[in-house]
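Asks: For reference, the chains in residue letters:
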Amino acid sequence: MATTDAGHSATADHSADSHGHDHDHPSYLAHHFDTPEQQFDSGKLGMWIFLVTEVLFFSGMFCAYAIFRAWRPEVFEGCSQFLNTKLGAINTGVLLFSSFTMAWAVRASQLEQHKKTAALIASTLCCAMIFLGVKAIEYSHKWHMGLLPAGLFTYDPNNPHPEGTPNYLAYICAPFAVATVGILIWLVVSFLRGAKFQFECAKPILVVFLCFFVGVGLGTILESGESGEHAAHVEGADHAAHVDGEHAGDEHADGEHAADDHSEEADVEPAAEPEHVEAIAGLVAPGAMVSSDNQLDLVKRLASDNTNTGSKGELAARQAQNEMAYGAITYNVSDDSSATVAAAEDDVMRKSRAGVFFSIYYCMTGVHAIHILGGIGVLIWLLVRALRQDFNKNYFGPVDYVGLYWHLVDLIWIYLFPLMYLIR
Amino acid sequence: MSAHEGSREGYDFAHPLPLPLLFGVFLVLTALTVLTVFQANFDLGSFDIIVVMIIASVKAILVGAIFMHLAFDKPMNVIWFLGSFVFVALFIIFTLFDNRASHKDNIPVMGDGAAAVAAES
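The listed protein sequences correspond, in order, to chains A and B. For what it's worth, my numbering labels the leading residue of the first sequence as 4, then goes sequentially. For what it's worth, my numbering labels the leading residue of the second sequence as 4, then goes sequentially.
Everything labelled a hint here was simulated from the structure, so no lab data went into it. As the structure is a computational prediction, the values presented were derived from the model and not from experiment. If a hint is listed, it holds; no wrong ones were tucked in.
Only part of the chain A face toward chain B is listed, based on derived beta-carbon distances under 8 Å:
(1) Cys66
(2) Ala69
(3) Leu99
(4) Ser102
(5) Phe103
Result set (DMTMM-like, lysine to aspartate or glutamate): computed pairs, CA atoms no more than 20 Å apart in a straight line:
(6) B:Lys77 to A:Asp37
(7) A:Lys396 to B:Asp76
(8) A:Lys396 to A:Asp27
(9) A:Lys89 to B:Asp46
Every residue, glycine too, gets a C-beta built ideally from N, C-alpha and C.
This is chain A alone, in the form it adopts within the complex (with noise of 0.2 Å):
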């Protein structure tokens, strides 16, 4: 055999060869490549491909997150208060480290150091685990809370923990814990039956799987400890209040365009005769929702005296609350919004505010948790591979490439995090 001694020892098993023909390359050499070199490069340039399609792939959803930001900053700097940056902060960690113990496997692969090499990919596993532990946490909380994607945003600043909600944490658990009892039930069974091999691989892949359950233990304790995202309630309320102050300006650009469409309802009816004065008393309590059109038409025609002022003011506020309570965007319609309902009007705790940064939230931060599934599951070819010492200093392509994808997956949870947690 011409080139065993150029490659490594793993080429010895050349005899067992059964395809026929001439055959000198190393067993890890595919035969369409001249070298090892070769075939890795083409592995490698294959990857990086992938991974530009990856990159355009997240630019859209990057793209998506602009357009609305620039158009709402207030939602954003608003919603992001339900967001616990400690756990993102702490996932963010998670993850750089899970880089580097992944940056140290292919160094490890290349060195032939395999029980290292395995040790590093299991570690690396484990990382992502906890990671997607402390996500089941954000994402069971924020469903509880009612904090969804647009369509199914119900959200009560009011009673922001309702009653009766499914346990939605134990659901993103039991996939996970279904699983664990698998692998712990196959490790028994190999050491039973003395499938060595078996036994090894499902040992680490184990811990792998427990450490979901650490990431979930680590983020209950992040989230109890943590009293921002409970402040935020309140918070987040004053915020928007606050944020609509200072954008009053663009509000204000904004009310003239919808000046037009909202003025018929907005204009006072201009009856003239003064009528029905002992209806004082049927007013409803401010703030009270309209119920019935008789009793806004009773407003109307209240207000329809010019003297009566205060009546007038009334029929602003009601009107302003039942275009709210049917859903059409209000906003200041008249000049003096101080002392009506108008004033605080623009809530951003609303399908159409807080639930489209929601939509983008778990798009993103979805996508990205589907993305660390995927990597959990190469990882894992990649383990076994590893304990079965397939790599060696001409071949760790796989190794390299998985790395690669582990490293993007990274990239974009570096700018996720800023962009979604840390905005003030």
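Since chain A is already given, all that's left is putting chain B on it; use the hints.
Replies: Here is chain B on its own, set in the frame of chain A:
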């Protein structure tokens, strides 16, 4: 088996990165994460996003150059990867230009009454 003795062209191409370099990059990345969380405590106004993006980009460059070996890679791979960011930049910048031109056209979104009730508080 000594590393280079008797090896042919195209074999023995692995260049393992020194461990202190990997450690150092990890420590710098962690420090930058702490920094970016820390700066969020200050109100930097509209510079906020610029500072955050600069820190994130420094981190991204470190990950790309060292962890992803781009600093030692074949130029073709670097061109592919950086080229994609040119298109990302074109995509986002041109959309934002258009966004700026049209952001005053508000599209009313109907049917979000459920959460609007909360607006009274």
